[in-house]
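J.: Same order as they appear, the protein sequences are chains D and C. Numbering follows the working numbering, with no gaps: position 111 of the first sequence is 111. Numbering follows the working numbering, with no gaps: position 174 of the second sequence is 174.
Treat the hints as calculated values from the structure; they're not laboratory data. Computed from a predicted model, the values in this text were never measured in an experiment. It cannot be assumed that every hint is accurate.
Cut-off 35 Å, straight-line C-alpha distance, at most; resulting in silico cross-link-like pairs (DSBU-like, lysine-lysine) [said to hold, decoys possible]:
| no. | chain 1 | residue 1 | chain 2 | residue 2 |
| --- | --- | --- | --- | --- |
| 1 | C | Lys-153 | D | Lys-88 |
| 2 | C | Lys-313 | C | Lys-10 |
| 3 | C | Lys-153 | C | Lys-247 |
| 4 | C | Lys-313 | C | Lys-146 |
| 5 | C | Lys-169 | C | Lys-146 |
| 6 | D | Lys-252 | D | Lys-218 |
| 7 | C | Lys-313 | D | Lys-2 |
| 8 | C | Lys-313 | D | Lys-88 |
| 9 | D | Lys-88 | D | Lys-65 |
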Amino acid sequence: MKRHLISAADLTRDDALLILDTAEELAHIAERPIKKLPTLRGRTVVNLFFEDSTRTRISFEAAAKRLSADVINFSAKGSSVSKGESLKDTALTLQAMGADAVVIRHNASGAPHTLANSGWLRGSVVNAGDGTHEHPTQALLDAFTMRRRLNAGKGDLEGRRITIVGDVLHSRVARSNVLLLATLGAEVTLVAPPTLLPIGIETWPCEVSYDLDAVLAKSDAVMMLRVQRERMNASYFPTEREYSRRYGLDEKRMAALPEHAIVMHPGPMNRGMEIAADVADSPRSTIVEQVTNGVSVRMAVLYLLLGGSEPAITTSEETAK
Amino acid sequence: MSTYLIRNAKVLGGDAQDVLVSDGRVAGLGTGLTAPEGAQVIEADGHVLLPGLVDLHTHLREPGREDAETVETGTRAAALGGFTAVHAMANTDPVADTAGVVEQVWRLGQQAGRCDVHPVGAVTVGLAGERLAELGAMHESAANVKVFSDDGKCVHDAVLMRRALEYVKAFDGVVAQHAQEPRLTEGAQMNEGTVSGVLGLRGWPAVAEEAIIARDVLLAAHVGSRLHVCHVSTAGSVEIIRWAKSKGWDVTAEVTPHHLLLTDELVRTYDPVYKVNPPLRTAEDVTALREGLADGTIDAVATDHAPHPSEDKDCEWAVAAMGMLGLETALSIVQQTMVDTGLLDWAGVADRMSVRPARIGRLDGHGRAVAVGEPANLVLVDPSARRTVEPSELASRSGNTPYAGMELPGRVVATFLRGVPTVIDGKLA
Numbered sequence: 001m002k003r004h005l006i007s008a009a010d011l012t013r014d015d016a017l018l019i020l021d022t023a024e025e026l027a028h029i030a031e032r033p034i035k036k037l038p039t040l041r042g043r044t045v046v047n048l049f050f051e052d053s054t055r056t057r058i059s060f061e062a063a064a065k066r067l068s069a070d071v072i073n074f075s076a077k078g079s080s081v082s083k084g085e086s087l088k089d090t091a092l093t094l095q096a097m098g099a100d101a102v103v104i105r106h107n108a109s110g111a112p113h114t115l116a117n118s119g120w121l122r123g124s125v126v127n128a129g130d131g132t133h134e135h136p137t138q139a140l141l142d143a144f145t146m147r148r149r150l151n152a153g154k155g156d157l158e159g160r161r162i163t164i165v166g167d168v169l170h171s172r173v174a175r176s177n178v179l180l181l182a183t184l185g186a187e188v189t190l191v192a193p194p195t196l197l198p199i200g201i202e203t204w205p206c207e208v209s210y211d212l213d214a215v216l217a218k219s220d221a222v223m224m225l226r227v228q229r230e231r232m233n234a235s236y237f238p239t240e241r242e243y244s245r246r247y248g249l250d251e252k253r254m255a256a257l258p259e260h261a262i263v264m265h266p267g268p269m270n271r272g273m274e275i276a277a278d279v280a281d282s283p284r285s286t287i288v289e290q291v292t293n294g295v296s297v298r299m300a301v302l303y304l305l306l307g308g309s310e311p312a313i314t315t316s317e318e319t320a321k
Numbered sequence: 001m002s003t004y005l006i007r008n009a010k011v012l013g014g015d016a017q018d019v020l021v022s023d024g025r026v027a028g029l030g031t032g033l034t035a036p037e038g039a040q041v042i043e044a045d046g047h048v049l050l051p052g053l054v055d056l057h058t059h060l061r062e063p064g065r066e067d068a069e070t071v072e073t074g075t076r077a078a079a080l081g082g083f084t085a086v087h088a089m090a091n092t093d094p095v096a097d098t099a100g101v102v103e104q105v106w107r108l109g110q111q112a113g114r115c116d117v118h119p120v121g122a123v124t125v126g127l128a129g130e131r132l133a134e135l136g137a138m139h140e141s142a143a144n145v146k147v148f149s150d151d152g153k154c155v156h157d158a159v160l161m162r163r164a165l166e167y168v169k170a171f172d173g174v175v176a177q178h179a180q181e182p183r184l185t186e187g188a189q190m191n192e193g194t195v196s197g198v199l200g201l202r203g204w205p206a207v208a209e210e211a212i213i214a215r216d217v218l219l220a221a222h223v224g225s226r227l228h229v230c231h232v233s234t235a236g237s238v239e240i241i242r243w244a245k246s247k248g249w250d251v252t253a254e255v256t257p258h259h260l261l262l263t264d265e266l267v268r269t270y271d272p273v274y275k276v277n278p279p280l281r282t283a284e285d286v287t288a289l290r291e292g293l294a295d296g297t298i299d300a301v302a303t304d305h306a307p308h309p310s311e312d313k314d315c316e317w318a319v320a321a322m323g324m325l326g327l328e329t330a331l332s333i334v335q336q337t338m339v340d341t342g343l344l345d346w347a348g349v350a351d352r353m354s355v356r357p358a359r360i361g362r363l364d365g366h367g368r369a370v371a372v373g374e375p376a377n378l379v380l381v382d383p384s385a386r387r388t389v390e391p392s393e394l395a396s397r398s399g400n401t402p403y404a405g406m407e408l409p410g411r412v413v414a415t416f417l418r419g420v421p422t423v424i425d426g427k428l429a
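Chain D extracted, bound-state conformation (with noise of 0.2 Å):
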């Protein structure tokens, strides 16, 4: 595995597995009464979250403080970033008090890459999330779902058919996952009106279609994107109410799908617009369990980049590190 994780593109599919497998592993210490491994005893974990995005963080927060790594939360508000200092100085500051991996959430594409290739910090940099470029944690927390779900938790996700609804030109989430699930063998096709698809999408390792209902009955997974407020009023579709009516997922359209078909969301969901509460909240619904498995694939994820070699779960303190 390469020491940081900006894109998607950056795991093999072998990495991709290691990271699930381990993630697997990992999710049975949430069912113990003490969820806490000594793994990352000694190593500082810095949360530096340039964007609101509270589920985000307290994930890798939980994850990184199960692993038993000191977890520093550096937010941009009311710090000095909001008093104009640079993302250099901020990393340089991170530097000099010993951070070993940076999570990093930034409303500017590409803040992870510069902060990962820049010099100015020695540590791992994780993509928690950079503007409308890449959030691959949460690409492999929704394949880690559709793992379990579809495939009993093992192997990867060879012929398995999954439809991302929305947003996909502003999403990261999307970004993230087609790369990934053409990683691991899925067939993805994204759908959204034309205005919320970039330009060059042909060339991306997934189909397009404009037409939600044409493409329910054969996905095994349907993941709905959220539409940004600050999108509603810009052209991108004339109201809400048509956006929801050709591109929501509703009773009505989710019956359409296969008996074994599940139903995911990145959160946080505009019920009634993208997805209908019903829906949301039917069993087929993996949000929730997609928050759960947030932490145990970030738990992997901080474990590959700063443990190394060691075993994720050991009985001694000894060998832990």
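Add chain C to chain D, keeping to what the hints say.
T.: Leaving out everything else, chain C in the frame of chain D:
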């Protein structure tokens, strides 16, 4: 004033000749010339002699951003790049939209003395695109402004553009348009295409440039004015300009060295040194631009030399400033992309980097033939030399060159401004 005998120089890349420079003019041309008493002899050893280069598009940053560049440092860079005249863009702080500011820049150029500095006047007050600046006053000032541009911003209001095109006819001025439809490029970060889709960076579509150029050539034709198009960057723009010229309309265009070489694939590094406006485009665009320059559809190479201090480039892509250095590498890039590829000979380089830009800017003393009696604005180039670009060695105050570490062909050996060397042996005189 000193006398120089340049021996065995290939004038415009032709046969080797001796060139005698005296009293600011070319005083003799031929083979086997004898050096007059007291003359300094420069052995050209078969290097190429061209008329001094003329840049239609330079950002000298003074007044306002002296931390990035000054007229002094920028004209040093210009001389080292073989330029004898540069046009200083108007987007300074304060904006060069009054006679006072253009005269200040003009005087600073005179004081620096290494290269003629011709200020470009803003088309609209404060580059705001709302009302015309005092174009006539800038023309009548000591700076004698002939080129007007809101560069960095597009004169997007069609009525205002029409009026500007018409108004400057009174004194043979020209409007140099930065063609960028503003609504199509809000928040734009890079060329819109396959790469922007993957990188999740907001796209700057080719059509935003082409739509404005198409409108402007039609406007220029309608009112019978000259139009100059800045930094053409797309294949479609070349097509539109070719069409406009085929109609006989008075339209000229420039291309930057970087658009002749670099593509948006480089943005995959997220290194802001590649962030520039208009953005780096695709390999197909690069090919079309080279062809357009070769067949004369594009009249001139202009550097769009845009210095930025390191703090404006050493950061995440989205907040980085747009622009890259160009003066000290322009001739090398043109040699690599146009001469060494066989698309243009040295006479062609002289035409696109000196003769035509001087004509567009209406600079009488530049872009002249290398002939007896002409002003001795000359540059001597060694095309066989190779050099590796090292940002800290550049004369510019800033280091934002996209060619750092690259080995480029060609080296400026000497530059003469009206018979006075500004560069000798590749170093400032």
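J.: Take the hints in turn and mark each one as holding or not.
T.: Verification of the hints:
Restraint check for C/Lys-153 and D/Lys-88: the C-alpha separation of about 29 Å stays at or below 35 Å, so the hint holds. Annotation: proposed proximity of C/Lys-313 to C/Lys-10 is violated, straight-line Cα distance about 40 Å (limit 35 Å). Distance check on the hinted pair: C/Lys-153 and C/Lys-247 sit about 28 Å apart at the alpha-carbon level, within 35 Å; holds. The straight-line distance between the Cα atoms of C/Lys-313 and C/Lys-146 is roughly 33 Å, inside the 35 Å bound, and the hint therefore holds.
Between C/Lys-169 and C/Lys-146 the CA atoms are separated by roughly 10 Å; this keeps the pair inside 35 Å, and the hint holds. For the hint pairing D/Lys-252 with D/Lys-218, the CA-to-CA distance comes to about 15 Å; that is within 35 Å, so the pair holds. Only pairs whose Cα atoms come within 35 Å are accepted, and C/Lys-313 paired with D/Lys-2 is accepted, the gap being roughly 26 Å. In summary, the hint linking C/Lys-313 to D/Lys-88 is supported, as the alpha carbons are separated by about 11 Å, within the 35 Å threshold.
For the hint pairing D/Lys-88 with D/Lys-65, the CA-to-CA distance comes to about 27 Å; that is within 35 Å, so the pair holds.
Violated hint: 2 only; the structure is consistent with all others.
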